[in-house]
Amino acid sequence: MALLEVRDLRLSFGGLKVLQDISFSVEKGAINSLIGPNGAGKTSLFNCLTGFYKPKGGSIRLGGRPITGLPPHRITALGLARTFQNIRLFKEMSVLENAMSGQHCRSRHGIVSAILHLPSQRREEDRIRAAGMRWLDFVGIAEHAHRLAGGLSYGDQRRLELARALASTPEIILLDEPAAGLNEREKLDLVHLIRRIRDETGVTVLLIEHDMGLVMQVSEKIVVFDYGQKIADGTPEAVRADPKVIEAYLGTED
Amino acid sequence: MSDGASTLSAAPQPPLVRRSFLLWALAALACALALPHFANAYVTEVATTALLYVVLCLGLNIVVGYAGLLDLGYAAFFAVGAYTTGILTSEFGFNFWLTIPVAMAAACLAGIIIGAPTLRLRSDYLAIVTLGFGEIVRIIARNLDITGGASGLVGIERPEILGFKLMQVQHFYYAFLALALLAVFVCLSVERSRMGRAWFYVRYDEDAAAGIGINRVSAKLQAYMMGAVIASVAGCLYAAKMTAISPESFTFNQSLLILLGVVLGGMGRIPGVVLGAILVALLPEVLRGAGTYRPLVTAVALLAIMLFRPNGLWPDKRG
Ligand SMILES: Nc1ncnc2c1ncn2[C@@H]1O[C@H](COP(=O)(O)OP(=O)(O)OP(=O)(O)O)[C@@H](O)[C@H]1O
Ligand SMILES: [Mg+2]
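Protein sequence lines correspond, in order, to chains A and B. Using my numbering, read the first sequence as starting at 1 and increasing by one per residue. Using my numbering, read the second sequence as starting at 1001 and increasing by one per residue.
So that you can see chain A by itself, here it is in the shape it has in the complex (with noise of 0.2 angstroms):
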């Protein structure tokens, strides 16, 4: 059983149709890449699977539970997490009480506890603190820990958000163009990230993104979109090789 299915997904504004009956699924443990032209509809697609759009038919099942239709909140905490493509940190706060962010929904502690300082929550604050300050190891920015988030680099904030999203531990981590923006060695670096994000702690990863090199690199089965429709599924060499994929979107890149 795949870890996230996505069957007959289907998403219109208005008149405009954005996801038309959009099928695929990505299994445990893989690093999958969803690509296609701007305003193919991927970012829509992440919206569906995250909760903040509801999609007009079609299902989504994460291991194999129906997510569809549950809010944001409710799917992170049943393991999908992601990164927005314009970087969404809460900039005016600091960098490791971003990280925190992600461990919110694996504590329970509310105000009553932390009024009367109970020892409970107190060991819990600690927790939090050293999960937050082991993702931001994890993505090599610890030392700004104390930093505001809005004072890092482009580069630092992108990883950042990475930290954030894997503090909720994930089962699947979805990265909505974690390149853009970056030179290229920061893109060398991202594609270790990557890796290492599967290989070290087991998430599952889909990213979507527009740079080809990095895609090829590191995807083992890439979909590709196009005007809301799924036009290819498969491994790098065989999207790379279907006319439609050549047509509609390598064939307009470089």
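Misleading hints may appear alongside valid ones.
Unchecked claim - Pairwise CB distance ranges (calculated):
id : chain 1 : residue 1 : chain 2 : residue 2 : range
1  : B       : 1296      : A       : 13        : 50 to 56 angstroms
2  : B       : 1113      : A       : 66        : 31 to 37 angstroms
3  : B       : 1297      : A       : 140       : 52 to 58 angstroms
4  : B       : 1120      : A       : 235       : 43 to 49 angstroms
5  : A       : 12        : B       : 1024      : 56 to 62 angstroms
Claimed, not checked - Some chain B residues close to chain A (C-beta under 10 angstroms, calculated; not the full set):
id : residue
6  : 1012
7  : 1013
8  : 1122
9  : 1192
10 : 1200
11 : 1218
12 : 1222
To be verified - Take a look, some chain A residues computed to stay more than 10 angstroms from chain B by CB distance:
id : residue
13 : 29
14 : 119
15 : 177
16 : 193
17 : 227
Hints listed in this document are in silico derivations from the structure and should not be mistaken for laboratory results. In this text the structure is predicted, and so the values were computed from the model without any measurement. Heads up, the beta-carbon is just placed ideally off N, CA and C, and yes, glycines get one too.
Could you slot chain B with the ligands onto chain A? The hints should help.
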């Protein structure tokens, strides 16, 4: 990567109050404790009012400063507390202290009734609904028999502590000081807890917060209810101090004044909010000499502060 210990987990939790700040806080506390021994009854009375506003502004700050919700009817929860104490002591002979948990429960309930449907909508709706709620509570208080109508309630029982009855201005000054200190402690504790951070996440980026697993409706509702509870407790003590309350203490103007205190000092940060609250209470007294020009001078003073310190007098470092 499980939740096992790590060398990096050494990052300690920050203390409730920073060392450098502790000295100032203690000095301020010493002054506050000594004040009734030096000041006359008038000054002590004004200081008591200032402490009342400190509590109210800290409560509203949870809603406005932490969770980023605009509440224009906060005085309604203040009224809920005051009327709960007023009705239960004067009509039903309740002990004052027993009215506090009842008032807290009533404020929670009112908070859920107003907040639960509204907080699902866009934030702007809350401003409108709370504005309406504030007026409704006041109008209900004006028109019911049990609340004493327009003339309000009189003969509210004064509280006793271990056989000692709170009577004089000084007694209530210390009672409000204790309540204000409690409010500061509560806010400090919650501010740096899991739920406190969740409020900031929601305030700074609601979508990102939802995407990272925070139930935004629940977080906002909890902020709204906690603010409500704090205002209601302030209301209980206020009723006991005044022994008489009327609907005119809980007008839209009152809500605005509390909001002004929060915004003036610098939303979100406790020292700023305390400063703003004190200013809001003192300004009318300081400007007494201005006679009929007082509202004008007050407005100009506030405008000047807003112009020159747009983030408040003592802004949140988070910006
Ligand atoms: N909330 C919305 N309301 C209306 N239209 C939308 C909305 N979100 C997306 N769309 C439309 O859906 C289409 C797909 O957009 P989407 O952002 O999913 O594309 P994308 O594949 O992520 O593109 P890009 O590579 O530029 O990020 C676009 O035509 C866009 O205008
Ligand atoms: Mg996109």
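* Asked: So which hints don't hold here, by number, going up?
  -> The structure conflicts with hint 8 only, although it agrees with all the remaining ones.
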